[in-house]
Amino acid sequence: MKTIEEINQKITNGDAVVVTADEMTSIVSQKGAKKASEEIDVVTTGTFGAMCSSGAFLNFGHSDPPIKMSKTFLNGVEAYSGLAAVDAYLGATQPSQNPEIGLDYGGSHVIEDLIRGKEVELIAEAYGTDCYPLKMVETPITLDKINQATMFNPRNCYQNYAVATNSTPETLYTYMGTLLPNSGNVTYSSAGALSPLLNDPYFQTIGVGTRIFLCGTEGYIVSEGTQHSTEVERRNGIPVGSAGTLMLQGDMKKMDPDFVRGATMPKYGPTLYVGAGIPIPILNEDIATRTAISDEQIICKIIDYGIPRRSRPVITETNYKELKSGKIEINGIEVPTSPLSSYKRAKMVAEELKEWIENGEFLLTNPVKSLPSRGCTVNPLETNKPAVLVRDIESKSIIMTHSDDKINDVARKLVDNNINHLPVVDNNGQLKGIVTSWDIADAVARDKSKLVDVMTRKVIIAREDESVDIIARRIDKHNISGLPIVDKENRVKGMITAEDISRLIGGNLKNENGGDSI
Amino acid sequence: MKAWLRFLPSIINKAIISDAIKIYEIDFNILRAYITPRGGKMLVEINGPQENESIQYMEEQGIQVTPIMRVVTKDLEKCMDCGACVSVCPVNAICIKEDWMVEIDNQNCIGCGFCINSCPTKSIDFME
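Order-wise, the sequence lines are chains A and B. When we follow my numbering, the leftmost residue of the first sequence carries the number 1, and every step to the right adds one. When we follow my numbering, the leftmost residue of the second sequence carries the number 1, and every step to the right adds one.
No lab work stands behind these hints, which were simulated from the structure alone. Predicted model, so just to flag it, every value in this text is computed and none were measured. A portion of the hints provided could be inaccurate.
Said to hold, decoys possible - Beyond 12 Å from chain B on every Cβ pair, some chain A residues (computed):
#  : residue
1  : S53
2  : D64
3  : D104
4  : I123
5  : N147
6  : M176
7  : G207
8  : N236
9  : K253
10 : S325
11 : A346
12 : S397
13 : N420
14 : T436
15 : R474
Unchecked claim - Simulated DEER-style distance windows between Cβ atoms:
#  : chain 1 : residue 1 : chain 2 : residue 2 : range
16 : B       : D125      : A       : V17       : 43 to 51 Å
17 : A       : K477      : B       : A33       : 22 to 30 Å
18 : A       : I101      : B       : S18       : 55 to 63 Å
All residues carry an ideal CB built from backbone N, CA and C; glycine is no exception.
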């Protein structure tokens, strides 16, 4: 048994034995936890991953005449300034206001630019008051000129996380990176055995007020992070999915651009790569055992991100040893894996923190308060309007056509029924294609008489149990106007069109306004 | 060797490549092709004892040939070795090395551009 005070004395004397979490794994397997706990004083952890729930509080200082900023923009990225006159919170994922830049530059990039010492353009608007008469400010700022810049991240360092794949036939662009069709790849984000909260899974040493490594300088744990969850399935003592989280803060003025990076998940949006490392004092044998966790012992679940619902289906289980090997097996097929967090930089974080402690520059802290280790669950947002499903849309008679039908007959069907889309089916009612009034015009123009020559074979479909909001997104994404509804056997059950969805929204408005249409 | 071939619409109807393959007995593999009414651009791999002669022939016929050592290039300042690109590569040309650095093998690269589009810090680009 050791105390933090004793370890700190050793650090001050330059006698502390510090190792990184991956080194600890082999030390414990060679010497055993008891001997390791006597010899090792501190284990350093590290992670360098995309942490969307990050941002910074900035205080710009008062202009002359003064302004009460009500809207602020930094390099065209809006920061929230519904605080006192010259305070703002810049969120990492806020995209640029400029539609030409859009997702390519956001709050995270502004944070990186400030840390790199670059000039950033501040534009602030105000309504003007007796004490703050100015209505507009436009000026370059730099990190060293503004009063405070405190990185404040509501949710960092997730304790384990889902592993992503995509079973659908189209590429998806998600916060878990680019997911290829038909489970063509797998992405994961945890640093595994080096990750801070996986080395102290029951929060025995990490707590409120713990001094940590944050983006190249010292930072502090404010409290448990948002969505902190403790009532989770564990294997080898480690949660198998997302569980504990941390709220962190640190002084941006002292941060090092090697350990923080603005980034954009393609077609998803900006996010901040945060380098965070936590020292774990080896106070006893149990703590030593926990820090010896290996990649193989950390189990995680592969989730199908092809299903855009709150609870997505689990495909299978894996562990970080398999994931880090670069390929895993799903249903007997080898699938390549991508880490989204940089293990190389995570190791740099753990090494850097180790060096600080060895040099006596960084002392450990007793937590002011423990993090909650039980009783925390993440509640869903229950909306008072449940999602409208495709099957809830008023059913119309199903009009279909067969692939051997003549163009003239198809044209008549479209006109007679006043519709623009017709699903094409075979004799079993299974979907073979889709034909639109435009395709018919095209057929006439190019003198084609067979439907099979003009119909579209690769059809974007809707399923009865899908939410209409998802169909609206699909219509928008593929720039189409109607989708056949099919069941599990690929049999056509109807059509859903952009008009149906407009009518649905119109209908809701009508109800809310007491029956009058607007 | 890998090379970019560029040609104008004036020669688009000539079977220059087919002739080059027959005359110089080269292996000719098209990795990427952009053909428009205004001309075309192809990334190809040419191999064989007479590859230099075949290139000379193509140039005489009006094709601009630019041999390249690397198909894509990675900005080491911007790259943070996250590995997001690794699993989107269809030919396994990107790997994470022993020291956890991400490395692109330009020998195997076919210039599909998937890694370029998947990079969170836009650190990969085509070599022009």
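Given as non-interface: M176(A), which should sit over 12 Å from chain B by C-beta | violated (9 Å)
CB-CB spacing for V17(A) and D125(B) relative to the 43 to 51 Å hint = holds (45 Å)
Minimum Cβ-Cβ distance from D64(A) to chain B exceeds 12 Å | holds (39 Å)
Could you check that no beta carbon of chain B comes within 12 Å of the beta carbon of K253(A)?
-> Holds, because the least Cβ-Cβ distance between K253(A) and chain B comes to about 22 Å, which exceeds 12 Å.
Given as non-interface: D104(A), partner chain B, CB spacing beyond 12 Å = violated (8 Å)
Find the nearest Cβ of chain B to the Cβ of S397(A) and say whether that gap is larger than 12 Å.
-> holds (44 Å)
Taking the closest pair, is the beta carbon of R474(A) still more than 12 Å from chain B?
-> Holds: least Cβ distance 21 Å, greater than 12 Å.
Assessment of proposed distance window 55 to 63 Å (beta carbons of I101(A), S18(B)) = Hint violated: Cβ distance 45 Å, outside 55 to 63 Å.
Indicate whether the distance between the beta carbons of K477(A) and A33(B) respects the range 22 to 30 Å.
-> holds (27 Å)
Mind verifying the non-interface call on N236(A)? Its CB should be farther than 12 Å from each CB in chain B.
-> Holds: least Cβ distance 24 Å, greater than 12 Å.
For G207(A), which was marked as not at the interface, is the minimum beta-carbon distance to chain B over 12 Å?
-> The assertion about G207(A) holds, with a minimum of 30 Å to chain B.
Beyond 12 Å from every Cβ of chain B: is that where the Cβ of S53(A) lies?
-> Fine: 17 Å to the nearest Cβ keeps S53(A) off the interface.
Taken one by one, the earlier hints fail for this structure at numbers 3, 6, 10, 11 and 18, listed in ascending order.
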